[in-house]
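*Asks:* Chain by chain, the residues:
Protein chains: 2
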Amino acid sequence: MALIMIGERINGLFKDMAKAIQERNPQPIQELAIKQTRAGARFIDINTGPAVDDPEKVMPWLVEVVESVVDTPISIDTVKVKAIEAGLKAVKKKPALINSTTAERKHLEQILPLAKHYGAAVIGLAMNEKGVPKDATDRTAIAMEIVAAADEFGIPLTDLYIDPLTLPVGVAQEHAPEALETIRQVKILSDPAPKTVVGLSNISQKTLHRPLINRTFLIMAMTCGLDAAIVDVTDNDLVDAAITSSILLNKEVYSDSFLKVGRGQ
Amino acid sequence: MALIMIGERINGLFKDMAKAIQERNPQPIQELAIKQTRAGARFIDINTGPAVDDPEKVMPWLVEVVESVVDTPISIDTVKVKAIEAGLKAVKKKPALINSTTAERKHLEQILPLAKHYGAAVIGLAMNEKGVPKDATDRTAIAMEIVAAADEFGIPLTDLYIDPLTLPVGVAQEHAPEALETIRQVKILSDPAPKTVVGLSNISQKTLHRPLINRTFLIMAMTCGLDAAIVDVTDNDLVDAAITSSILLNKEVYSDSFLKVGRGQ
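Those protein sequences? They're chains B and S, same order as listed.
For what it's worth, this note's numbering labels the leading residue of the first sequence as 1126, then goes sequentially.
For what it's worth, this note's numbering labels the leading residue of the second sequence as 1126, then goes sequentially.
Bound-form chain B, shown alone (with noise of 0.2 Å):
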């Protein structure tokens, strides 16, 4: 399939996964490697949840558990430096994915380097620290800050992964255009274009339909040129939908048994 999903199960926000962090105990969050690589991930997120105090030593452990059963790349998901830093000396298989960098030049000045020095790929998130604009214009804007230090420091284009950030549509509506709209102008910034991804469930939470809203604003987000998500792989009408926009964007060969091909069965 044409979307890369990152799956994002293993994120103690979850209170099975906060738990098995908590009793350092491998099963579930191995279980959840497993099934999200078998469902078609092609990168595990981690994170090791607010819970906890010293994510730093948390994240390797987490790494560990999760490569010594999937060969599938990790993205390590932290706003913690050190956390990164530890994660990425931690990875021995596939390069990683930085989940991730604001715009803030600190950020990007601690960030970059580090992807540079491990290979790992990095998420650039379109704010910085005067926050979220709400204009898709503003946001590409800041993508080309972020686009620029990615050339500065040496990260070819193609591992760089620009979030127009999704913000709930209950609280912040107005921003749903807005983030498609950046989508669509991010990938015309420059030749090679940056990758795109959205942190997908955010744009449902506390709504009452989330797999709905999900699944719809996930189909608008690849019609405006999205490359990945971050994304509960195992819901199968999502992954129904990122199949059949691939085929109707003429990205994937259509056959008749299109959804088994896009989940390379």
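Accuracy of the hints is not assured; some may be wrong.
No copy is singled out in the list; a pair is fine if it fits within one copy or between any two copies.
[Unchecked claim] Listed next, the in silico EDC-like pairs over lysine to aspartate or glutamate satisfying Cα-Cα at most 20 Å (straight line):
id : residue 1 : residue 2
1  : Lys1331   : Glu1377
2  : Lys1140   : Glu1270
3  : Lys1331   : Glu1229
4  : Lys1160   : Asp1362
5  : Lys1160   : Glu1181
6  : Lys1312   : Glu1148
7  : Lys1331   : Glu1192
8  : Lys1218   : Asp1196
9  : Lys1331   : Glu1299
10 : Lys1214   : Glu1189
If you're looking for bench data, these hints aren't it; they were derived computationally from the structure.
Keep in mind it's a predicted model, so treat the numbers as computed, not measured.
Chain B is fixed; fit chain S onto it per the hints.
*Replies:* Below, chain S alone, put in the same frame as chain B:
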């Protein structure tokens, strides 16, 4: 909801309608007119189907049958100019929609004066005597000719619906993204822009996953600026997709009960 849904179901291509038309039995037709109106149809499309020899006689009968039970405007769906005119003459309630004209000059010269005379809106297909071009730019150029002709014949552009033409993804997959791009281009063609419309079900012809492909393409087309679609308005998942798209495009106000609000409930 932001999408203008045109109910596709009263069409002689469906066996139940072919039978009702042949027997001049109004009941099944009227049931569908009422059902589609309740489901949110803003126009009821009527098409005598290929089996009818005298559409110019059947069309006025169909108009009368439908208008006797609902106030919903009629979409007169036929390539026969005489049947279009006979249908328009029969309309007693709200201004109709002519479905459709191509960009062929002789076709425009027949249809547009009828639209003007009867105050009808009109669907203009992005094709001419040479057929349907593959590229979006060429389709948009044809749309531009229709826009110019509408202006020449005094049709307000808000009454003009450009159809980019959707071909079955199973046989003309490369056309799908071109149709989407045509919608985007047409919406910036003029100010005010003409409306855009698709005959949705065509995209999924002869595939094994028609509802999934239909609703996915509808979301994609709405993302590109689609205003209207000829659809099965009784397909609940499709209507959910359209309402959710309207919300995520910030064209309708979000509330927790947006699916009910979008249905006017």
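*Asks:* Does each hint hold? Answer for all of them.
*Replies:* Consistency of the hints with the structure:
1. Lys1331 - Glu1377: The answer is between: 18 Å across copies meets 20 Å, while 34 Å in one copy does not.
2. Lys1140 - Glu1270: neither (37 Å within a copy, 60 Å between copies)
3. Lys1331 - Glu1229: Answer is neither: 29 Å inside a copy and 52 Å across each miss the 20 Å cutoff.
4. Lys1160 - Asp1362: within (16 Å within a copy, 28 Å between copies)
5. Lys1160 - Glu1181: neither (26 Å within a copy, 61 Å between copies)
6. Lys1312 - Glu1148: So lysine 1312 and glutamate 1148 fail the 20 Å test inside a copy (43 Å) and across (56 Å) alike.
7. Lys1331 - Glu1192: Neither. Shortest intra-copy (33 Å) and inter-copy (44 Å) distances fail the 20 Å Cα cut-off.
8. Lys1218 - Asp1196: For lysine 1218 and aspartate 1196, only the intra-copy Cα distance (7 Å) is at most 20 Å; the inter-copy one is 66 Å.
9. Lys1331 - Glu1299: Result: close within a single copy only, 16 Å intra versus 38 Å inter.
10. Lys1214 - Glu1189: Classified as within; 11 Å inside a copy, 76 Å across copies.
In the structure shown, a violation is registered for the earlier hints numbered 2, 3, 5, 6, 7, in ascending order.
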